[in-house]
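Engineer: Sequence:
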Amino acid sequence: MLLHNGADPNLKDNEEKTALHYAAEKGTLDICQLLLSNGADPNIKSGFDAETALHYAAKKGKLDICQLLLSNGADPNINSGCDAETALHYSASKGTLDICQLLLSNGADPNIKSGFEGKTALHYAAEKGKLDIFQLLLSYGADPNIIDGSLEETALHYVTGMYADEKGTLNICQLLLRNGANPNIKGGAYGQTALHYAATLGRVDICQLLLRNRAYPDIKDNRFRKTALHYAAADGALNMCKLLLSNGADPNIKDSLLNETALHYAAEIRRLDICQLLLSNGADPNIKCGFEGKTALHYAAEKGTLDICQLLLSNGADPNVVNKYGKTALHYAAEKGTLDICQLLLSNGADPNIEVDLYKKTALHYATGKSKPDICHLLLSNGADPKILSTFFIWQVFPHQDFNLHLMGYTKHTLPGDHRYHKSNNDCQTVP
1 MLLHNGADPN LKDNEEKTAL HYAAEKGTLD ICQLLLSNGA DPNIKSGFDA
51 ETALHYAAKK GKLDICQLLL SNGADPNINS GCDAETALHY SASKGTLDIC
101 QLLLSNGADP NIKSGFEGKT ALHYAAEKGK LDIFQLLLSY GADPNIIDGS
151 LEETALHYVT GMYADEKGTL NICQLLLRNG ANPNIKGGAY GQTALHYAAT
201 LGRVDICQLL LRNRAYPDIK DNRFRKTALH YAAADGALNM CKLLLSNGAD
251 PNIKDSLLNE TALHYAAEIR RLDICQLLLS NGADPNIKCG FEGKTALHYA
301 AEKGTLDICQ LLLSNGADPN VVNKYGKTAL HYAAEKGTLD ICQLLLSNGA
351 DPNIEVDLYK KTALHYATGK SKPDICHLLL SNGADPKILS TFFIWQVFPH
401 QDFNLHLMGY TKHTLPGDHR YHKSNNDCQT VP
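Sequential numbering of the sequence shown, starting at 1, is according to full-length UniProt numbering.
Please keep in mind that the hints were generated in silico from the structure rather than gathered at the bench. A few of these clues could be false.
Simulated restraints on C-beta separations [unchecked claim]:
#1 R214 - L34: 21 to 31 angstroms
#2 D132 - D75: 18 to 28 angstroms
#3 Y190 - G168: 18 to 28 angstroms
Ideal Cβ placement from N, Cα and C applies to all residues, glycine included.
All chains should be built: construct the whole structure from the sequences, respecting the hints.
Structural biologist: Put into structure tokens, the structure is as follows:
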């Protein structure tokens, strides 16, 4: 009656909504028909949200009203206000396949980006994990390589990263790759590829799929220049490491944080199996890393992992490589007090007389400083020279006319308060 008496169907209320906005939101098809037949404009935007009646209908999942609005001139590509989303964004986000189909068949552009986060409908579908919506969007020309506006991620990043644990993600990855998704695009806060994401999450199945589809295993991320193998080794993911190495991953690439290789990571977390795998695939045990220039053997000696030390030495690790401060693996083992590792290193050619840094400390200085008589005995019996002077007086073992020390057959002097040794029990012990 109001319309028959000249009421304006496009008049806005205080919220800047028209009657059609309310009817579409409530899902009252007959009222929508009446309003449209009396000149209601389906493309008028509301005030705060700047949404059309089509936005409201899509948001509420009202297929019949969406159909009615589109047949009466509703534009499916109008974006809303603050989020600048289209009706297709809403439908993909909700996972309503029938409305997505309707919108696309009526000219909805699947590659329009939303305003706030710069997402396409494909990004929203990735969040939802709906394979059927992916298939539909891709069949209508959705570009799988468009990056979003917040983290510069593609839909493939979404399904291999934060949504990788969702059911069916492997099938979605397969579909995206089959439709031209590039697995080597970097994205996210750290500039990583989909392979980085999947490797970090331990998804061997997804990594296998990516590698079969031209993913490069040696791409470095933008933050610390790490490859997928760095992440897999650091996480102790043996099967992931196997997969990456069998697909050509280089075990000797250094990251930019501490210049570490995957072998350093594996040695640091005490993973013998991964160290073994890396070495059998060409890992160099003598690469130095970090601010201190340590090798994997330095790490293993410092951590006290005898089995990894044995493995490294049997694969060519040099026990006499010095780090930035002149320390060898023997210095670390002596300082830690691991007798078995000291024995192993010495039996593999470790030189007990290499001097360290400005203080010229040998492994013997470290052993005496830490009160390790068994290690002192071992070092001396393997040629450690007790006459080497350290300029660091607390740990000195050097001649002095006032104090006599008898060491393993050597006559020795030292300063007061230093560690001295008796041969009476054929061992080294601290003298108070």
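Engineer: State for each hint whether it applies.
Structural biologist: Okay, the hints, checked on the actual structure:
1. R214 - L34: 21 to 31 angstroms: Roughly 56 angstroms apart at Cβ, these two residues miss the hinted range, so it is violated.
2. D132 - D75: 18 to 28 angstroms: holds (25 angstroms)
3. Y190 - G168: 18 to 28 angstroms: holds (26 angstroms)
The structure shown violates just one earlier hint, number 1.
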